[in-house]
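S.K.: Read off the chains here:
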Amino acid sequence: MADRRRINPPSGPTITPIFLASPSDPPTQPPHRTRPPHEIRKIFLKTGLTPSASGSAYLELEPSSSPKPTTCVDRSTSALKLTCTVHGPRPLPRSVPFSPHLLLTAHVKFAPFASKHRRGYVRDTSERDLSVHVETALRGLLISERWPKSGVDVVITILEAEDDGPAFTEGGSGGAGDGAGGLSGWGMMSVLSGCMTVASAAIADAGIDCSDLVSGGVAAVVRQPSFPHTQTGASKASPKEIVLDPCPSEHADILAVCVVGYLRSRDQITEIWTRGDMEGLPGEEGSEQSNFEVLLDQAVEAAVSSRLVLDAALKEATEYKLQKMAPALPSSGEKVKGSD
Amino acid sequence: MPPSTLLSPSELSYLHSSLSLDLPIRPDARSPTTFRPLVAETDLLPTTNGSARLCFADGSEAIVGVKAEVERTIGASSTSSDVFARGEDGDGDTKMQSAEEEMNEERRRLARGKGQDSWIEVTIDMPGFARDDDGVVVFLAQMLQEGLVADEGLRDRLWIGWGWHWRIYVDILLLTTPNSYPLPLLSLTTHLALLATRLPAPISRIDEDPLFNDDWDAAEPLYPPSGSAHASKPPFTLLVISVEDNIFFDPSREELAVADAVCAVTVGTIDAPVSSGKRREGTPKLRLLSLRIIDPPARLAAATSGTEAEDDQGAWRPARGGMKRAVVGKMVKVVLEVGGVGEEVMTGLEGFHDG
Amino acid sequence: MTFSIQALAAPSRTNEPRSTGSDISVDSDEELQAVSSVKRKKHAAVITPGELVTDDPQWMRGHGTAATPGSTAILATVAGTLLRTNKLLSIQPLRARYTPEIGDLVVGRIVSVETKRWKVDVSAPLLAHLPLSAINLPGGILRKRTSTDELAIRTFFSEGDLLVAEVQSVYQDGAASLHTRSLRYGKLRNGVFIRVSGTGGGGSVVRARRQVWTINTANGGGDVDVVLGVNGYIWICKHSRGELVASSEEAKKMNEITRMEEAVSESMYSNRNDEIPPQTRREIARLTGCVKALVENGIRVDEEMVMAAYHASLEPDGDDVPMTMDYDEGHETHEYLGGSRGSRVVAAAVEATKG
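Protein chains in written order, with the working numbering: chain A, 860 to 1199; chain B, 2 to 356; chain C, 345 to 699.
Think of the hints as simulated: they come from the structure by calculation, not from any bench.
Positions of the beta carbon are idealized from the N, C-alpha and C atoms, including for glycine.
It is possible that some hints are incorrect.
Here are the computed lysine-lysine pairs in the DSBU-like style, where the Cα-Cα straight-line distance is at most 30 Å [as the list claims (entries may be wrong)]:
#1 A:K905 <-> A:K1099
#2 A:K901 <-> A:K975
#3 C:K460 <-> A:K1008
#4 A:K1174 <-> B:K334
#5 A:K968 <-> A:K1183
#6 A:K1174 <-> B:K331
#7 A:K1099 <-> B:K68
#8 A:K1183 <-> A:K1099
#9 A:K905 <-> A:K1183
#10 A:K1099 <-> B:K325
#11 B:K325 <-> A:K901
#12 B:K331 <-> B:K286
#13 A:K940 <-> A:K975
#14 C:K463 <-> A:K1008
#15 A:K1099 <-> B:K331
Not everything, but these chain B residues come out facing chain A in the computed CB check (under 7 Å) [to be verified]:
#16 L22
#17 E106
#18 L292
#19 G330
This is chain A alone, in the form it adopts within the complex (with noise of 0.2 Å):
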């Protein structure tokens, strides 16, 4: 019999519909890199925006850049755009045993509006793969024997995402990205880049010492766009090249990905995700982990720059309540009162 009390869907899988490019629409290009291969994007870093927080910050990459405006729906880019707060120290919940240290736990959200695909309120295995590495990441840098028996919650919002490279109707086109195009979640590692200096620009406004600060940076190995109908024969002879901080929408063939957290004053890594086809690097001839390293060292390089922005971006806030702090610091006057 029957199951009568839902409505039971159609046997077999359904065919998500593809749109034609319609003829009088003259044919959008993809949009492409326009950036040097060794520039990141621009970057905007601000923290202490959310009140509310100890310490917050908020993060925006700017847009990739398309040729020329388009209104079609699969060819919207779309920006970077991170919030994260940061609460505590704050003591441990009694059913936490006794630890001598700051315990740190990030939550990473997409939040449902972030991607093209709705994301649920629950958090998915991407979500808390994520969080697992923010934490890594920023586990090392804490100074946590400070804080004992306490712990801190590092909360980072994704409100906008980047696109997983080339969307469903490339797919139909007869297969572009040949090979690695099956290969997705690319855009996840360069979200993860963003978060690790968010979080770190959250907790240095949230006044928690810290040994250093981590700055996320991302390298991708890339094969460098041809003709569009080649064969697989073909794409071999496409060279590879390394770009930092590569926008998944941008670059239709992505081999591989390296992320990295690092601290620059100790020239240390807290964190590294890699994954992808590292072999046959342009100039770099010889064995495979020479191919990692150099993509690495791009990585740290990427790093390094968006480390410019976070000291940039912390010495801006510290000087702002400075400035706002000043005339207070003499006369214990009213306004006092609104400096915090």
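Position chains B and C against the provided structure of chain A, taking the given hints into account.
M.R.: Chains B and C alone, transformed into the frame defined by chain A:
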């Protein structure tokens, strides 16, 4: 993270100082690259396409079952126009025997780049250790999946024809509460299970609904064995720790507790057709598929008592900050170099599977 | 060979050495027949729970047995071998949890700190207590405990610290109360900790005449102390004069016990390790390997067996693969006593003790 190991400050300091000597001394006198002996068994579950069970020397044990299901590929029908064009030339054949081979070859050629990540699913169950949605479990599953999907060859081999593909479920069950970070155990078990996995041989043409040979002996291995034209091996993940400038493989629980940094290195083979010219016979060239830094448990579990002030110089404190670039580079080098640890593990596992 | 993997079917364990390892005296066949109404073969002196041991009213029931109400029958409650002590019948389980008894020398780990006492893990079903009044306070053995000491309780022992102690009394519920009011007891430093499964039977620590002794190790390792806790916790450390295992002869030599106590008490609760040369560390690692190999092969762990295994491990192993050179220095790997090498060492040790 892994079950926190409660160790006294003097134990930690003893371990750390032993491991950071120029000629490091591990608590069980192993050399830095020696693995503890393993005990394994494959093809033990009759209802799976491939399975394996592995016991580590510390008593932890895992079992992996690989199941394959045929599934409709969503959104694949649009490409059928150029299929028929290509299907023609493969058709003008008279000999039945070679027609089948040709069909397989054709399938292999057409499958290139068609595979998708979502066709491989890895789930981990660790009863009593962590909840299913716990960060650690998710992290481990992602790490293992990452290694599998990074291999284009595997993804493409799951392609059956236009509109149909295999979906592989890798179910990992940890049978014991882990004594140390369970990643290498799970990964090596998965490797063995995948080596033993076979998929029924298709007898339908690529543009037909799939139909398979019901003879299990005719089933094709998911990873073609070495010696065949398209030989490849499943990836595996090794746990490497660093203490000062020394690196250690297969760390025991105590060693993990004092590690300055922990890395998970996933390696796989380079697909045979790509570099068939330069590689030596019998030793597949390895490549790095993914690398992740794992939070060293020392940061959480260190038992340095808060009451003791900085004057206690002898007590060891977990290293702050991260790891040096050179150390990461060394780890990758030791794994990947010819005759290195990766190769040794790969041949060890393969030797077990064949023997 | 740094990576080895063996099939599960391989006879990894033989029961042969087990019989030599058992020092539980099982009564001879005729007596057993008289005691038990159950007929059994010569070597099958194993009783399972619920089995009728005897219904003869002349016997008294001991550990591992239960009387049935309204009858004289004695039933077994654990699986194990029957032990008859005069008219007392008890069953010795093959593998059991440690049950504390007064006078036992145990190694324990502090798990929690309370206001006036510590809770200590001694591998028993219940945590043992160590009252603040039962430790040697710094500054003289006879000092009275003050409230200052209570406040500074974590400076003596804190979570994770290891100590060697004696069971002073056992509460009604089976929990032990420990004391360290002797120079032989106290905090453990300068060494490594090994955990061995429950007491009795093979592969564990058995109560013996001497639980603590000093080894003059080979290869310039100096003196090394071994502390075999009756509870299966083992501590192997560098010997430091006057402390921990100050044997009575040495104490007599010093002849001024109180002065020595004062000197010792200063560093009694320090967490700092002494300077330990690499040679000593290497020998400690070898001893650790010996103990682990004994356990893996199901041999009892006591002074005789540990010493025999240690001497056997020093002998070059003919069957072993030629020493493999390590990747960094010429660091031979044959010191690792795992897998087959461990079994050979243990077999040699068993041979040596027989002769």
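S.K.: Within a Cα-Cα threshold of 30 Å, do K1174 of chain A and K334 of chain B meet the stated pairing?
M.R.: violated, 40 Å
S.K.: Under the criterion that the straight-line Cα-Cα distance not exceed 30 Å, is the pair K905 of chain A, K1099 of chain A satisfied?
M.R.: Outside the cut-off at roughly 36 Å; violated.
S.K.: Against the 30 Å threshold, does the CA-CA distance of K1183 of chain A and K1099 of chain A hold or violate the hint?
M.R.: With Cα atoms ~51 Å apart, K1183 of chain A and K1099 of chain A exceed 30 Å; violated.
S.K.: Holds or violated: are the alpha carbons of K1174 of chain A and K331 of chain B at most 30 Å from each other?
M.R.: Violated, at about 37 Å.
S.K.: Answer holds if the nearest beta-carbon of chain A is closer than 7 Å to that of L22 of chain B; otherwise answer violated.
M.R.: Hint violated; L22 of chain B Cβ to chain A Cβ min 22 Å, cut 7 Å.
S.K.: Checking one constraint from the list: CA of K1099 of chain A to CA of K325 of chain B, max 30 Å. Satisfied?
M.R.: holds, 27 Å
S.K.: Measure nothing beyond the straight line between the CA atoms of K940 of chain A and K975 of chain A; if it is 30 Å or shorter, mark the hint as holding.
M.R.: holds, 14 Å
S.K.: For the pair supplied as a hint, K460 of chain C and K1008 of chain A, confirm whether the alpha-carbon distance does not exceed 30 Å.
M.R.: Holds: K460 of chain C and K1008 of chain A sit about 21 Å apart, inside 30 Å.
S.K.: Check whether the Cα positions of K463 of chain C and K1008 of chain A lie no farther apart than 30 Å.
M.R.: holds, 20 Å
S.K.: Has the given pair, K905 of chain A with K1183 of chain A, been kept, meaning a C-alpha gap of at most 30 Å?
M.R.: holds, 17 Å
S.K.: Under the criterion that the straight-line Cα-Cα distance not exceed 30 Å, is the pair K968 of chain A, K1183 of chain A satisfied?
M.R.: Answer violated: K968 of chain A to K1183 of chain A is near 34 Å, above 30 Å.
S.K.: Within a Cα-Cα threshold of 30 Å, do K331 of chain B and K286 of chain B meet the stated pairing?
M.R.: OK: K331 of chain B and K286 of chain B at ~18 Å, within 30 Å.
The structure is inconsistent with the numbered hints 1, 4, 5, 6, 7, 8, 16, 17, although it conforms to all the rest.
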